[in-house]
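A.B. asks: For the record, the sequence lines run as chains A and B.
Counting from 0, one number per residue, gives the positions in the first sequence under numbering that gives the first Met the number 0.
Counting from 0, one number per residue, gives the positions in the second sequence under numbering that gives the first Met the number 0.
Hints are computed from structural coordinates only; laboratory data are not their basis.
Some clues are possibly wrong.
[Said to hold, decoys possible] Sample of chain B residues lacking proximity to chain A, with all beta carbon distances greater than 10 Å (derived): (1) 23; (2) 26; (3) 368.
[Stated by the list, open to error] DSS-like, lysine-lysine: derived pairs with alpha carbons at most 27 Å apart: (4) B:195 / A:373; (5) B:187 / A:262; (6) A:177 / A:262.
[Claimed, not checked] For the chain A half of the interface with chain B, some residues (derived, Cβ under 10 Å), not all of them: (7) 87; (8) 121; (9) 123; (10) 125; (11) 133; (12) 134; (13) 179; (14) 198; (15) 261.
Think of the CB as a built atom: it goes at the ideal place given N, C-alpha and C, for glycine as much as any other residue.
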Amino acid sequence: MDLYATELMGARTYDVAGNYVGRVREFFIEPAEAPNRVSHYLLSRGHFQPLVAKHDQVASVAAGKMELSVGERALELYQPNESWLAVQKDLLDQQIIDTRGRKVVRVNDVDLTPFRTNGNVELRLTQVDVGLPGAVRRLLQGVVPSKVVRKLQSKLPQSAIRWEFVNLVEPDPMRRVKLRITHEKLEDLHPADLAEIMEDLSAAERQGIIASLDEETAAAVLAELDERLTTQIVEKMDPEKAADILEEMAPDAAADLLADLSKETSEELLDEMPGQEADEVRELLEFDPATAGGMMNPDFVSVGETSTREEVLDWMRGEELNFDQLDTIVLLDGSAEFSGTVPVARLLLAAADQRMTELKMEPLLSVPANADDKEVFELFDKYNLRMLTVIDKDNRPIGAITVDDVVSKLVKG
Amino acid sequence: MNWEAITSKFDRVRTGETDLQKKIRGLRRRLTLLLAVVGPGLITSNVDNDAGGISVYTQAGAQYGYALLWSLIPMTIALYVTEEMCARMGVVTGKGLSDLIREEFGFRSTFFVMITGFFVDLANVVAEFAGVAASMQIFGVSKYIAVPLAAMLVWVLVIRGTYRQVEVIFLFACILYLSYVFSAFLAKPDWLMAAKETVIPNLHLESGYLLMLTGLVGTTIAPWQFFYLQASFVEKKVGPRQYPQARADVLFGSISCMVIVFFIIVCTAATLYVSGHREITDAAQAAQALIPLAGKGAGILFAFGLLNASLFAASILPLSTAHVICEGLGFEAGLDHKFKEAPIFYWLYTILIVVGAGVVLLPHAPLWKILIFSQVGNGIWLPVVVIFILLLVNRRELMGEYVNTMTFNIVAWVTAIAMIALTLVLTYTALFQQSVPPPP
């Protein structure tokens with residue numbers, strides 16, 4: 000039968016001869032050895048130094064009682080060990096990330112399943128309890144007999160998370176390595192989900208997670224995160240790492256982020272970034288955030304208006320473009336001035352030798368960089384746009400505003 | 000043709016900016032920085048002047064005139080010191096007070112803090128709705144209309160509004176407290192005397208006076224406000240860099256709260272005390288008594304202030320309580336969840352409003368007893384909460400360099416012990432003498 004951490008805490012422990020040794024005050028998992036096996040039990044003995052029982056020294060475990068398969072003399076004195084995960088201290092009452100449910104939850108109790116091996120009993124951590132049953136146990140254990148508690152909790156709705164889906168949050172990087180905590184599972188989540196999870200965590204925990212993600216994921220998460228949190232995170236980060244992450248971000252997102260930082264920090268980060276990316280961002284920073292220039296992304300796809308569909312497709316295959324987000328192509332005339340836009344769908348259906356200029360979308364729309372953001376919103380609304388080209392005073396395209404820029408600007412108000 | 004290849008050939012448009020424009024932008028930026036943070040401290044301190052509080056201030060002025068005004072300065076300090084610690088914890092850890100108690104002190108401690116909090120806050124909610132009923136009666140509206148309407152208003156405001164909208168409404172409610180300033184001016188007080196009594200301590204060693212003093216402290220510093228304050232800073236995502244602004248917000252809030260208390264006491268002292276109406280026991284009676292003394296305007300402004308304060312607190316308390324309890328115990332909380340996702344949160348919230356408003360509507364509701372219970376409850380709960388705060392704020396692994404300094408600790412502990420001692424006295428008398436404070 001399964002056992003709960005609450006029932007094991009305080010269990011009276013006897014050695015092989017039936018002599019009382021002490022009470023279980025804490026127990027540990029050693030992730031480097033086995034990811035879910037209870038490896039050590041801390042036995043407290045009042046004034047004496049506490050002892051440690053290993054997993055292969057336990058003969059039986061039940062609620063409130065544990066029997067060892069060795070004599071008391073075989074037990075070692077307790078020495079704190081950073082690479083052990085303490086169930087009571089590190090897990091109970093703490094927040095964890097439920098990677099399947101994609102949310103942050105608080106641990107009420109831990110479920111342990113006994114396994115028999117070579118005459119010993121090993122406990123394996125199977126799931127963490129985050130619902131009412133665990134809460135009731137925590138409250139009543141030791142006050143009311145275990146049987147009554149079990150009966151009561153069986154009537155309550157269960158809410159537990161399997162141990163495989165539990166992601167611990169440990170802000171200390173050294174300890175994280177020792178405990179073998181990785182955030183691989185988090186990297187599989189959608190950046191927007193991960194950003195939402197991070198908002199529920201403490202400042203130090205957020206910092207810890209961002210630090211352990213790869214730069215690409217970190218950049219995607221930072222772009223989704225509430226800007227007030229983003230600035231806090233970036234300010235605390237090692238500038239070199241922060242610059243690496245900024246490099247992965249779209250220039251407009253990076254500029255938005257830097258605009259919220261202090262002048263010195265943002266200059267420092269720009270200096271760390273490679274020249275070309277830094278220049279792009281610097282130029283964007285010159286624009287007032289409430290104008291078309293402040294909303295645009297300088298990375299857009301542009302081709303000459305006289306090129307044919309086939310030429311354009313050939314060129315596109317050779318470029319590293321963000322095809323997930325690409326739906327409009329900008330056309331340039333002979334003097335590199337803005338001449339129109341072509342939606343990708345039109346390109347798709349065009350004949351191979353059709354010229355881009357024939358596929359142009361009507362009406363011909365563009366907006367100057369210093370146009371008010373309200374004007375941009377109105378254009379998007381009126382013409383049902385998905386993309387709008389931003390031009391400079393010589394009618395040359397310098398960036399593009401996409402519908403997602405408009406949505407996020409509107410949502411942030 | 001790749002854009003990047005030709006981009007370097009062109010001069011980019013630059014938004015030309017003069018020095019003046021830059022200066023204005025810098026100033027605007029700094030103001031925005033401050034405004035982005037301001038709110039929690041101001042709202043929390045002001046909501047503290049709720050129905051129960053205003054009743055006590057009224058009695059203090061009516062029974063002792065200006066003689067208790069000096070206590071406002073030490074009280075401002077006490078309020079600031081305690082609130083500042085919560086603000087700091089919220090800003091540094093990014094976690095609510097109940098979260099921290101849970102993580103550092105375990106489930107059982109949290110459970111008892113939360114369950115006590117629930118009943119104390121429920122009694123407070125009843126007191127707020129009683130305040131609504133009493134003030135609307137002065138305007139000639141029956142409580143059977145006023146209270147359900149108020150409950151509905153509170154419900155709609157919170158369920159329909161976003162955090163930002165609600166905050167703007169709350170900040171507006173803070174401004175409405177100024178009605179007490181106007182009614183104080185209408186009462187034509189002796190300003191010189193009031194100023195003198197404010198700066199020169201004037202301690203009478205007489206039991207009635209001491210009890211009134213205790214009552215002032217007990218109602219001004221309510222334990223639930225610490226949870227609300229810290230949660231608001233977390234919700235606003237204020238980080239350590241904005242801590243100076245957060246601290247300014249708390250300081251300004253504490254001072255503005257006490258300024259309002261000052262005017263309430265001055266107003267009642269100049270009228271009720273001077274003319275011998277010293278038997279006043281609550282704010283609604285005071286408003287009524289003010290009409291013949293200082294004119295209809297003063298009375299109506301006074302009643303309006305009470306209505307505003309009661310509604311304000313009634314909007315914040317149930318929501319904050321439900322939030323705090325669910326967060327501490329690990330249940331889903333927040334209005335961005337559907338009922339099915341966060342049933343406990345919505346049940347708690349509903350119970351607090353329905354029971355709170357319902358009790359006031361009972362024909363023979365023992366409102367006086369409930370008011371006493373809410374004060375006693377605050378008194379019992381306060382020491383526990385303040386001690387938790389002090390223990391948490393001194394944990395270096397939690398607060399890092401932001402732990403209390405030695406000096407701050409001394410001030411904080413002295414404040415805490417004084418507050419605890421005073422509220423225990425208040426609790427004792429409330430329990431055993433059945434009147435807080437007794438008429439002289």
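A.B. asks: Residue 134 of chain A was flagged as interface toward chain B. Is the shortest Cβ-Cβ separation under 10 Å?
C.D. replies: Because about 6 Å separates residue 134 of chain A from the closest Cβ in chain B, which is inside the 10 Å limit, the hint holds.
A.B. asks: Taking only the CA atoms, is the gap from residue 195 of chain B to residue 373 of chain A under or equal to 27 Å?
C.D. replies: violated (56 Å)
A.B. asks: Let's test the interface hint: is any C-beta of chain B closer than 10 Å to that of residue 133 of chain A?
C.D. replies: holds (8 Å)
A.B. asks: Please verify that hint: residue 87 of chain A, Cβ, nearest Cβ of chain B, below 10 Å or not.
C.D. replies: holds (9 Å)
A.B. asks: Run the C-beta distances from residue 23 of chain B to all of chain A and say if the shortest one exceeds 10 Å.
C.D. replies: Nearest chain A Cβ is 12 Å from residue 23 of chain B, so the label holds.
A.B. asks: Going by Cβ atoms only, is residue 198 of chain A closer than 10 Å to chain B?
C.D. replies: Holds, because the Cβ-Cβ distance from residue 198 of chain A to chain B comes to roughly 8 Å (cut-off 10 Å).
A.B. asks: Holds or violated: is there a CB of chain B closer than 10 Å to the CB of residue 179 of chain A?
C.D. replies: Violated, about 22 Å.
A.B. asks: Below or equal to 27 Å on CA atoms is what counts here, so check residue 177 of chain A against residue 262 of chain A.
C.D. replies: violated (38 Å)
A.B. asks: Going straight from one Cα to the other, do residue 187 of chain B and residue 262 of chain A come out at no more than 27 Å?
C.D. replies: violated (53 Å)
A.B. asks: Does residue 121 of chain A hold up as a contact with chain B if the rule is Cβ-Cβ below 10 Å?
C.D. replies: violated (27 Å)
A.B. asks: May I ask you to test the interface hint for residue 125 of chain A with respect to chain B, counting a Cβ-Cβ separation under 10 Å as satisfied?
C.D. replies: violated (19 Å)
A.B. asks: When you look at the beta carbon of residue 26 of chain B, is every beta carbon of chain A farther off than 10 Å?
C.D. replies: Answer for residue 26 of chain B: holds, closest chain A Cβ roughly 15 Å.
The structure fails hints 4, 5, 6, 8, 9, 10 and 13 (numbered hints given earlier, in ascending order).
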